[in-house]
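A.B. asks: Each chain is listed here by its residues.
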Amino acid sequence: MSSKPLDYENLNKNVKECQYAVRGELYLRASELQKEGKKIIFTNVGNPHALGQKPLTFPRQVIALCQAPFLLDDPNVGLVFPADAIARAKHFLSMTSGGLGAYSDSRGIPGVRKEVAEFIERRDGYPSDPELIYLTDGASKGVMQILNAIIRGEGDGVLVPVPQYPLYSATISLLGGTLVPYYLEETANWGLDVNNLRQSVAQARYKGITVRAMAIINPGNPTGQCLSEANLKDVVKFCYQENLVLLGDEVYQQNIYQDERPFISARKVLMDMGPPINKELQLVSFHTVSKGYWGECGQRGGYFEMTNIPPKSVEEIYKVASIALSPNVPGQIFMGLMVNPPKPGDISYERYVRESKAVLESLRKRAHIMTDGFNSCRNVVCNFTEGAMYSFPQIRLPPKAIEAAKKAGKVPDVFYCLKLLEATGISTVPGSGFGQKEGVFHLRTTILPAEEDMPAIMASFKKFNDEFMEQYEDHKGYSRM
Amino acid sequence: MRRFVADKTRNLIRRASTWSPTCPVSPRPHHPPSLLSQPTSPPFSSSSPSHPSSITSPLRFLTAAALHPLSFPASPNSMASNYSTTPVTLQSVNPKVLKCEYAVRGEIVTLAQKLEQDLKQNPDSHPFDEIIYCNIGNPQSLGQQPITFFREVLALCDHPAILDRSETQGLFSADAIERAFQILDQIPGRATGAYSHSQGIKGLRETIAAGIAERDGFPADPNDIFLTDGASPAVHMMMQLLIRSEKDGILCPIPQYPLYSASIALHGGTLVPYYLDEATGWGLEISELKKQLETAKSNGVCVRALVVINPGNPTGQVLAEDNQREIVEFCKNEGLVLLADEVYQENIYVPDKQFHSFKKVCRSMGYGEKNISLVSFQSVSKGYYGECGKRGGYMEVTGFSPEIREQIYKVASVNLCSNISGQILASLVMNPPKVGDESYESYTGEKDGILSSLAKRAKTLEDALNSLEGVTCNRAEGAMYLFPCIDLPHKAIKAAEAAKRAPDAFYAHRLLDATGVVVVPGSGFGQVPGTWHFRCTILPQEDRIPAIVSRLTEFHKKFMDEFRD
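So the protein sequences, as listed, match chains A and B.
According to full-length UniProt numbering, the residues represented by the first sequence are 1 to 481, in order.
According to full-length UniProt numbering, the residues represented by the second sequence are 1 to 565, in order.
A few of these clues could be false.
Far from chain A by the CB rule (all over 12 Å, computed), these chain B residues [as the list claims (entries may be wrong)]:
| no. | residue |
| --- | --- |
| 1 | G203 |
| 2 | D248 |
| 3 | D487 |
| 4 | A498 |
| 5 | K500 |
Below, a list of computed lysine-lysine pairs in the DSS-like style, where the Cα atoms sit at most 25 Å apart [what the hints assert, rightly or not]:
| no. | chain 1 | residue 1 | chain 2 | residue 2 |
| --- | --- | --- | --- | --- |
| 6 | B | K202 | A | K38 |
| 7 | B | K447 | B | K459 |
| 8 | B | K247 | A | K13 |
| 9 | B | K247 | A | K35 |
| 10 | B | K297 | A | K13 |
What the hints contain is simulated information worked out from the structure, not anything from laboratory work.
Idealized CB from N, CA, C, for every residue including glycine.
Please construct the entire structure, taking both the sequences and the accompanying hints into account.
C.D. replies: As structure tokens, this is what we get:
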């Protein structure tokens with residue numbers, strides 16, 4: 001046979017066009033170097049436990065007991081597990097038929113979804129319907145499911161922030177839709193300008209694209225900003241006027257490192273606005289156990305909540321979920337634990353608070369060390385990481401560096417990041433993986449390396465950067481002449 | 001609890017009456033006139049080739065309708081007219097989503113859940129006291145106990161903080177503790193809470209590859225393994241890679257596990273059916289494959305892959321090695337990717353049959369990496385372990401160029417990784433305790449107990465079904481299902497028509513109403529037109545089987561008395 005079905009040229013073009021930079025060229029090179037024995041600092045993925053963050057104890061105790069329910073009958077179980085973990089494990093197991101080993105309802109265990117709804121109500125002050133909450137294998141699966149329902153073909157567009165988390169671009173191209181970018185304003189602290197949005201939509205429509213949805217990431221990934229209430233109101237109004245589904249990626253809602261702008265959910269903003277908009281705007285909000293002070297990435301637990309989606313569309317989304325049978329049950333229990341952690345008076349309460357506070361406070365310190373560090377480097381400017389887990393400094397690459405990159409056949413920021421990796425072992429993601437304005441270059445690092453390693457990492461970065469700039473920048477005296 | 005849309009009934013009828021071979025799933029009911037009036041080939045007719053128009057027209061119809069998402073007034077039967085101007089309505093949702101169906105969790109299950117609620121509120125509301133779910137291969141929901149050793153290891157990996165404590169030795173077996181240490185050492189930073197490599201943790205893939213090599217007697221490469229959240233996402237991934245448009249076809253057995261029809265519909269491809277021969281124990285004939293391939297080709301469909309489910313779902317047959325060789329040869333000659341669904345590989349119930357992996361068959365024929373493209377799917381949900389809730393599984397991908405491998409990796413990486421607990425479990429089922437290990441005896445005891453009990457249950461149910469008037473049932477050589485053929489009386493078919501149900505769905509509904517036993521109508525899997533089946537799992541616990549048999553027998557007798565011609 002001359003041409004086989006999975007020869008590269010015969011492959012689904014949507015697959016070929018999809019890009020996912022977080023695990024792209026830089027990551028592969030870093031893995032290679034690691035194999036060769038070089039010490040690599042992986043700051044490419046928001047993967048806290050991989051960088052030494054310890055899991056919170058209570059949820060792990062509960063899950064271990066759910067995995068091994070025969071322990072619950074062992075008279076010695078109390079020697080290893082606290083009573084409230086035992087009680088909670090029994091509580092979750094009683095919600096299932098068949099424990100962790102049986103498929104659950106395709107939307108997730110009803111009891112857990114009820115606890116999620118109660119959490120949302122406590123958070124926002126508005127009731128939430130468990131029937132409209134679907135548990136998923138991490139937030140990514142949820143985003144894929146929803147985009148799958150929205151995108152019919154390349155004529156359908158989804159507004160996505162640029163820079164954006166590449167899950168969106170990758171999924172949109174896998175599904176054969178069109179990404180309609182809107183730019184975040186770096187000089188306005190990565191703010192979201194509604195005029196930009198209008199322009200983006202107008203341009204897309206001019207090209208014959210039906211814009212159907214808008215994604216916001218709050219707090220921002222990779223940009224780390226927290227959207228203000230006023231800004232969110234503008235977005236909600238805009239989506240209402242333009243008849244767009246609003247997709248609220250709120251997976252970093254626990255990760256806030258400043259006090260001026262606490263997290264506020266798109267759903268709360270929408271509900272606060274009252275009728276008719278609160279009854280009409282279609283909103284899907286996403287959450288996960290992978291981020292926050294939990295950082296339980298490996299569990300693949302998450303949920304999405306649908307607001308104002310018609311029942312028949314909800315049924316269709318349910319049907320598609322049912323083909324995947326059910327999300328993983330341990331991940332569902334993690335979600336149940338996240339939305340309903342130990343309370344004051346519980347045996348494990350103090351420990352839980354101590355552990356979670358320590359994680360969050362340390363992340364806040366690291367956010368400062370990192371952005372301050374970047375801002376002390378030559379030709380580097382960086383907005384403060386207000387939330388999420390990333391810094392996204394702009395690297396002002398001199399023309400000579402850009403030329404050198406071209407010669408090497410690399411995008412300039414890829415060139416820079418590869419050099420950084422080779423010189424320091426710091427594995428970052430080039431800004432081009434997230435999208436950026438033309439001629440402007442960035443990189444994304446997580447703020448996740450251990451706090452005590454942070455000063456050394458930033459010093460090593462500074463040394464590399466300043467030497468790089470020295471090498472490629474025309475001599476200052478010369479250029480002034 | 002609601003499942004799917006309200007007017008599913010009509011949909012089922014239409015699926016039974018207009019299901020064309022290349023469009024296994026009929027579009028939704030709100031556009032009925034134009035669809036129903038369309039010329040369609042008889043459902044799954046192997047003798048009448050489908051016309052290209054029947055491949056594409058429903059799709060085209062839906063696409064055209066969907067191009068004006070906002071101009072559609074609420075359809076007359078819409079329960080959601082106040083949503084008519086919103087961006088995601090039934091009229092504007094992705095038509096591929098509307099098209100796909102998944103009967104295993106379909107209407108009948110929704111009804112069963114409703115009855116269950118009734119019983120909770122009023123135990124006397126129905127002529128039975130509980131619902132018995134025989135619709136889905138979900139063993140632990142019906143009381144099957146997990147393998148203790150596997151769960152011990154998983155618990156310890158989830159909470160490694162207790163590994164070093166002396167009290168832990170009182171709670172866990174020593175080899176489970178040792179295995180947990182081994183596994184944690186394979187995970188960078190011992191971090192079970194971290195995303196892993198998108199193909200899965202390297203050390204676990206090595207364990208799995210070693211397990212495959214031991215099973216087959218041929219080497220396996222850890223780099224060929226992609227760990228996934230159950231086998232289903234792996235199947236989706238391959239469909240995504242293969243299907244470019246409705247012109248791309250995938251050969252699937254009929255009857256088939258509806259994951260395949262659903263996934264092909266979601267990715268916008270064409271299902272090319274081949275019929276298993278019920279008379280020869282659901283035999284797979286190469287001549288049938290050839291015929292269907294040619295038919296598809298002449299309709300302009302580019303067939304890209306062949307799905308084989310072995311042991312069969314819903315049909316329970318185990319392929320003979322000779323037959324497998326022919327299949328391999330066929331795929332090789334026709335340049336098809338062989339997608340081997342081998343998730344029931346541990347579920348074999350008859351002494352005269354054995355499971356042979358397609359990998360082993362290919363290699364024993366001398367076909368290596370360069371000769372044939374083969375993907376084998378495995379899951380932790382089936383076998384004697386039945387760990388459905390864990391969503392663990394893998395696919396072994398061989399015979400693909402490095403470029404393609406990269407593409408698969410890329411698609412896997414968008415979802416970051418599969419859940420770690422499921423990954424660990426996949427490595428455990430491919431490397432269970434060995435002779436001499438502390439847990440070996442309890443492990444084999446549990447395993448043999450489950451498998452021999454499943455074999456007994458399969459036999460009892462098969463015999464019971466065969467003793468019913470007008471029912472014939474092939475034996476379940478493997479897997480977890482029986483798929484009896486019911487020769488429904490003419491009067492019953494008439495009554496079904498009046499009730500706007502497919503005859504087999506009508507039967508299944510009556511069965512549920514009378515006995516509380518939930519089965520899936522054969523039309524959800526596809527069947528030779530004019531024949532009627534249902535799928536029933538063999539999973540209720542052994543002590544429950546006699547009651548099921550007597551309820552079923554009594555129901556069937558009454559049913560026949562009511563409808564006998």
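A.B. asks: Checking against the hints above, which ones are violated?
C.D. replies: Violated hints: 2, 9; rest satisfied.
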